[in-house]
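*Asks:* Protein chains in written order, with numbering that gives the first Met the number 0: chain U, 0 to 425; chain H, 0 to 425.
If you are wondering where the hints come from, they were derived from the structure by calculation, not from laboratory data.
Treat the hints loosely; a few may be bogus.
When chains are identical, the list treats them as one kind, so a pair holds in a single copy or across two.
Subject to a maximum C-alpha distance of 25 Å in a straight line, what follows is the list of computed SDA-like cross-link-like pairs (lysine to any residue) [said to hold, decoys possible]:
id, residue 1, residue 2
1, LYS415, ASP169
2, LYS185, ARG412
3, LYS160, TYR276
4, LYS272, THR351
There are 2 protein chains.
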Amino acid sequence: MTLIEEARNGRVSPEIEAVARHEGIEPASLARLVATGRAVLPRNIRREGRNTATGIGEMLSTKVNVNVGTSQNLNSPDDEVEKALAAVAAGADAVMDLSTGGDLDCMRRKILEAVRVPVGSVPIYNAAVRKELTSQGLFNALEKHAKDGVDFVTVHVGVNKNTLERLGNDPRIMGVVSRGGSLTMKYISETGEDNPYYSEYDYLLEIAKEHDLTLSLGDGLRPGCIEDASDRAKYMEFIMLGELVKRARAAGVQAMVEGPGHVPANEIKTSVKAMKYLTDGAPLYLLGPLVTDIAPGYDHITAAMGGVIAGMAGADFLCATTPSEHLDLPTKEDVIEGTYVTRIAAHAADLTRPGVSDRARSWDLKMARARADLDWEGQFQAAINPARAKQIRHRRGVETDTCTMCSELCAIRLAKEAMEKGVCKK
Amino acid sequence: MTLIEEARNGRVSPEIEAVARHEGIEPASLARLVATGRAVLPRNIRREGRNTATGIGEMLSTKVNVNVGTSQNLNSPDDEVEKALAAVAAGADAVMDLSTGGDLDCMRRKILEAVRVPVGSVPIYNAAVRKELTSQGLFNALEKHAKDGVDFVTVHVGVNKNTLERLGNDPRIMGVVSRGGSLTMKYISETGEDNPYYSEYDYLLEIAKEHDLTLSLGDGLRPGCIEDASDRAKYMEFIMLGELVKRARAAGVQAMVEGPGHVPANEIKTSVKAMKYLTDGAPLYLLGPLVTDIAPGYDHITAAMGGVIAGMAGADFLCATTPSEHLDLPTKEDVIEGTYVTRIAAHAADLTRPGVSDRARSWDLKMARARADLDWEGQFQAAINPARAKQIRHRRGVETDTCTMCSELCAIRLAKEAMEKGVCKK
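The following block holds chain U by itself, in its conformation from the complex (with noise of 0.2 Å):
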């Protein structure tokens, strides 16, 4: 039976268990979740042992994936795992490999062995590079990487012969910007045929189901600039997605959502909400969104403002993206800095949400209590990097109780006193 099929026959499996002990949910709730999709833990049965199964979801904090990965320009797979681990260090709850140069099936392996958290991959990259981009080379593919205990798989069923004639009838400046989904459109185009993924879904449902492979359903018509956002081609793909998640859910496989792309700040909540409502409430997965274009080189910053606001309306997984994102294969620096303010947007959007705010907030309220007291150590124990926070603190060499912004002006300072006289009685 898979994780679904457990909880749908009502039992409390040890994944839930730990998960749900770790959120400070019940367990009986979590297994309810799980039952009914709103809630996904991926891990592979083949990788038993060896990862730590993560929840995500609704009533479950916002989680960080993070990307490595080779490229055909630059394939250093310790490098790679350097930045895995790196990542996992800096908070990541996920790692993906998204490798496509090299040995991409050592590479995968590698990663797998690396780190405990659960590792996602995109099977088609390996039909892609391996020249296979075939429905026999990208289904060799999948099972290749579900044997392997790959905990989850980006698969772009949404791009199809429906969607793609939506497109066709409402052009975008940027086209199409997913890889997997630029394959995809290549397969079709080269054969003529439809997306194998799409046609031959219940077949993917199976090996998926073999491995309680959870599949994150890939949004390869993500748009790639604040202009073709919200358009047809995105909203017809979401209502795909829907689809093949009443498919998986029925198929005892867990399934997640992937959602855009670049988006104006202002279109996000309806965009969020609309693929919750759409793939009845399925974990969403976001990739972004990112508020503007014109920010290369902070598209981690841009990524994370439309975070804050996809978490608040009701993403729960981030996709981090770099420093280097459009421009660069990301450095381990990069990906350690993607890491940690990826994981700053979650939690300012778990200080908002339904289950989770009281358990986010308690940790704003450390802080906040260790500022109020000027206590230096409290406040580095607090920081979601210590490390940084110590540094710049101390970087000058000038020791003082308060900081060197405000010296003997201290406000916390000062308004305290006054309050201790008494300032407040009319």
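Chain U is already provided as a structure; the job is to place chain H on it using the hints.
*Replies:* Frame of chain U; chain H shown alone:
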């Protein structure tokens, strides 16, 4: 006549003409916004010829202020001038001198000489540093700043016996975190008298009017942590500021209001809207809002996240925060980073802003077209910080026409080729 009085008499002054042209709106419309106080153009008549008018408020693009200034621990005037120049070079629309160390008068004059953007200051710091925290000392400081040509001043008029009584009835974790606010409390606690800027507000307005000085009504009671957000003291201050805006307008003095502080993401919209209602649409100058407390070292980002949300809700002017916030006086590099990140927030808000979004979107469109064409020079030109984008792209010395992330699997190119083959037709 002050600018607001001229505008009421139907005169379109050269400053209004220039700002309207820069913003792409009708001069007569801007004159109406100035006449009603819904937009301000901070410019001290004493600084004529050395200041460039900038518009802040409804129908105008979101502006960014950057703070510089010495502290008692770190007093290097030349460094602060350099920071001011670096901020302007990075696109700051205004600069505030918040100096509290060394010769404050000299510092202020240096900044006023160095830049042409509007310059703001906080006279109460002067009074405090000179140990003249008396009614006379406060007004002397204000008058001196006005005579020096400062274009706008923060006065913490909302911190008075009435608002402090509310604070006393509703204690906070962090108390008061505004330096000006805490100094005002110190004055009240030591003298038993109310805040002179409040009790003698008519006199304050006279001084402001004489120099056509714009008032920035400070949010001395802004919350300093998530736990303190949206409390009664804060809303009491909004009400006070609303009354004081009304009196400023009646006196022919331009006024804007300052907003909090630390606010969870889901309370920002309400906070901004309430301020707009309670101050009859006064231009809103936002400090932050920081959407979480737990990220010292990244508070330029937590503030920018809040800035986007506040901007969407109607905030007009964002104060840049730097990575040093809560820890140390910022370095020049911090100031530059804070300026860019805050400008990104302002622009992301502008993409959603009535009367502004079309022009803002044309910038993103330029980037989108350059990306669609893999035109790297065009991308650098459209980048908010071209040097950074270029540095990241070229740092490894790998030269390709795509990026090193996607290499041959460039989605943009693959999708374009597939679309040219007709994949979008039924």
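*Asks:* Next step is simple, just say for each hint if it's right about the structure.
*Replies:* Evaluation of the provided hints:
| no. | hint | verdict |
| --- | --- | --- |
| 1 | LYS415 <-> ASP169 | between (61 Å within a copy, 15 Å between copies) |
| 2 | LYS185 <-> ARG412 | between (65 Å within a copy, 10 Å between copies) |
| 3 | LYS160 <-> TYR276 | within (23 Å within a copy, 50 Å between copies) |
| 4 | LYS272 <-> THR351 | both (16 Å within a copy, 19 Å between copies) |
When each numbered hint is compared with the structure, no violation occurs for any of them.
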